[in-house]
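**Q** The primary structure of each chain is shown beneath.
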Amino acid sequence: MSAVPGALRGERRRGRVSGVLFHGFLLFSLALGIGTLVALLAQVVIKGWSNVDAVLLFEPPSADPAIAGARPAILATIYLGLLVIALTVPIGVATAIYLEEYADKDRWYNRLLEVNIQNLAAVPSIVYGLLGAAFLVRGLGLGRVLLAGAFILTLLVLPTVIIAAREGIRAVPGSIREAAYALGATRWQVVWRQVLPAATPGIATGSILALSRALGETAPLLLVGALTYVSFNPTLLGDFTALPVQIFQYIQRPQEAFKTVAAAGMVVLLVILLLLNSVAIWLRNRYQTKW
Amino acid sequence: MATRELSPAVPHLRAARRRWGEDVIKGVLALCAFVSVATTVGIVVALFLPAIEFFREVSIWDYLTGTEWTALFSEPQFGVLPLVGGTFLVVLFAALVCAPFGLGAAIYLSEYAHSRARAFLKPTLEILAGIPTVVYGYFALTFVTPLLQDVGFDVGTFNALSAALVMGIMLLPTVASLSEDAMSAVPRDLRHGAYALGSTRLQVSTRIVVPAAISGIIASFVLAISRAVGETMIVLIAAGGQPNLTLDPREQVQTMTAFMGATAQGDVETGSTAYKTIFAVGATLFVLTLLMNLVSIRLTRRFREVYE
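Heads up: the protein sequence lines correspond to chains H and W, in order. First residue of the first sequence: 1, per our numbering; consecutive thereafter. First residue of the second sequence: 292, per our numbering; consecutive thereafter.
Only chain H is shown next, with the shape it has when bound in the complex (with noise of 0.2 Å):
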């Protein structure tokens, strides 16, 4: 009898030990990636502080890192926004509908086009970058422009804003469809009138994540040929270079007070991403209907 309350405590101390050191593991998981995030953001701020001024805001860039700005990269980087939510928002939420509404799901062909979507959200960027070289700078002719980068960064994004438009229609109650119906709406009619505005903060929460991804891409705009030097105000047509592709240029450059500059600009860029995402925070926590 006395064997087994010993065996149990033993197995208990043993377990106790263990458990301990498994909650340290877990806790330990947890604060590599938090602590990581805070040295990062330390390193950047600490390092590009000083240099987030109007030189940085209102010049070109230059060989000289005093008078160094990014003003024709924020530019860039401003309109290549409003580009891609332009295209991105009208494109996704209509394949997000077809597929939530119109498409019959046991057709091979609507099922191929989700598969196609879920691969589409996993290729590398740098691919897109490649489309984008092939078709729009070489095929089409459009060169090494704006526009050229605006499209690559619509294509890449495209996905996602697809993905969470879907789950933003899928959330809106079946029952408010038949309400509708019943009331002799059409199928647009139900679609445009109840299911889209229902659905809207979560679109809107979703579309605003992607926007931040493309602002910070760099990869894909490399390849499209970004990293033209540019010291004039960007247009659609013209050559351009992005905030994130400018860093890189700045990072590349041998001499150390360029990567002081470097680091000012991605104060810039990360309080920009910072400001968006926290609009989709914000928008999901306000407007979001539990239904």
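Hints listed in this document are in silico derivations from the structure and should not be mistaken for laboratory results. The beta carbon of each residue, even a glycine, is placed where N, CA and C say it ideally should be. Check the hints yourself; a few may be wrong.
Here are some of the chain H residues that sit facing chain W, going by a computed Cβ distance under 7 Å [to be verified]:
1) F25
2) L37
3) Q43
4) I126
5) L130
6) F135
In silico DSBU-like pairs for lysine-lysine, Cα to Cα no more than 30 Å straight-line [what the hints assert, rightly or not]:
7) K105(H) - K317(W)
8) K413(W) - K47(H)
9) K259(H) - K47(H)
Since the structure of chain H is provided, determine the placement of chain W on it from the hints.
**A** Leaving out everything else, chain W in the frame of chain H:
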């Protein structure tokens, strides 16, 4: 959808007349959906046409088995193994960081954290996934590499190790988030049953929850690895530009993506063999990640079927 559900009760319900406007709308929506199909077709054509031209000039056997990559030299060698090896090395070390620690963070969030701590910790961790890769590259170059040198690693300014470690951290929230989703789909009853039999939290986590969610967890690993294979900026900035067939992470390497990024920056003449190599390497990369994505989608689907 909704009308179809109603139809058994009202079998004779039919539209009085055809609504052409509705048909046009459906057509426009389908056209938008077609954009993503066109994208896939475009990618395949854009990659494989130049790649096929490339393989007319360079034998595919030499490409796949050659151990020397000097694509931009005057007498070029096109052996892709150093680039594939460089990718493999970086991905391996990135996976060694993101898989165990991502899973650890997921278990903590799903099984240990209070709901209030979780509501704060999960979004904080996900900020990591939203930071641009060019910033990670800078962090690897100016913070992690000097840190490695300070703790006694014999590394140069450019090395595979620091790029891989930073990439692992970048992918940690991917693994954590998806694994946590899979674990929260495990029914409460299983946990309660195990606790009722006297299990500790460690036992419930490792013997009940993780095995039940294993296909979702593996899918998250596969997705993270596929992202690591396709990641460009970190390796381009921090891992150096020297194709190098090595298993020593302290040396500098060039990955497939870094080669593409570095070559696209230079003045490569459109249509030259060097230009086509970018597409040949891109096609190799695309096939590699496509296979991994298909595995990941299949695994996720399997895990979905388990408890629904």
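**Q** Go through the hint on F135(H) and say holds or violated, using the shortest Cβ distance to chain W against 7 Å.
**A** Since chain W brings a Cβ to about 6 Å from F135(H), closer than 7 Å, the hint holds.
**Q** Do the alpha carbons of K105(H) and K317(W) lie within 30 Å of each other, as the hint requires?
**A** holds, 15 Å
**Q** With a cut-off of 7 Å, does the beta carbon of I126(H) approach a beta carbon of chain W closely enough for the hint to hold?
**A** holds, 5 Å
**Q** Would the hint on Q43(H) be counted as holding, given a Cβ-Cβ threshold of 7 Å to chain W?
**A** holds, 5 Å
**Q** Sort out whether K47(H) lies within 30 Å of K413(W), counting only the CA atoms.
**A** Since the Cα atoms of K413(W) and K47(H) sit roughly 28 Å apart, the hinted pair holds (cutoff 30 Å).
**Q** Holds or violated: K259(H) with K47(H), Cα cutoff 30 Å?
**A** holds, 8 Å
**Q** Do the numbers back the hint for L37(H), that is, is its least Cβ distance to chain W under 7 Å?
**A** holds, 5 Å
**Q** Holds or violated: is there a CB of chain W closer than 7 Å to the CB of F25(H)?
**A** With Cβ-Cβ at 6 Å, under 7 Å, it holds.
**Q** Using 7 Å as the Cβ threshold, decide whether L130(H) counts as touching chain W.
**A** holds, 5 Å
The earlier numbered hints are all upheld by this structure, with none contradicted.
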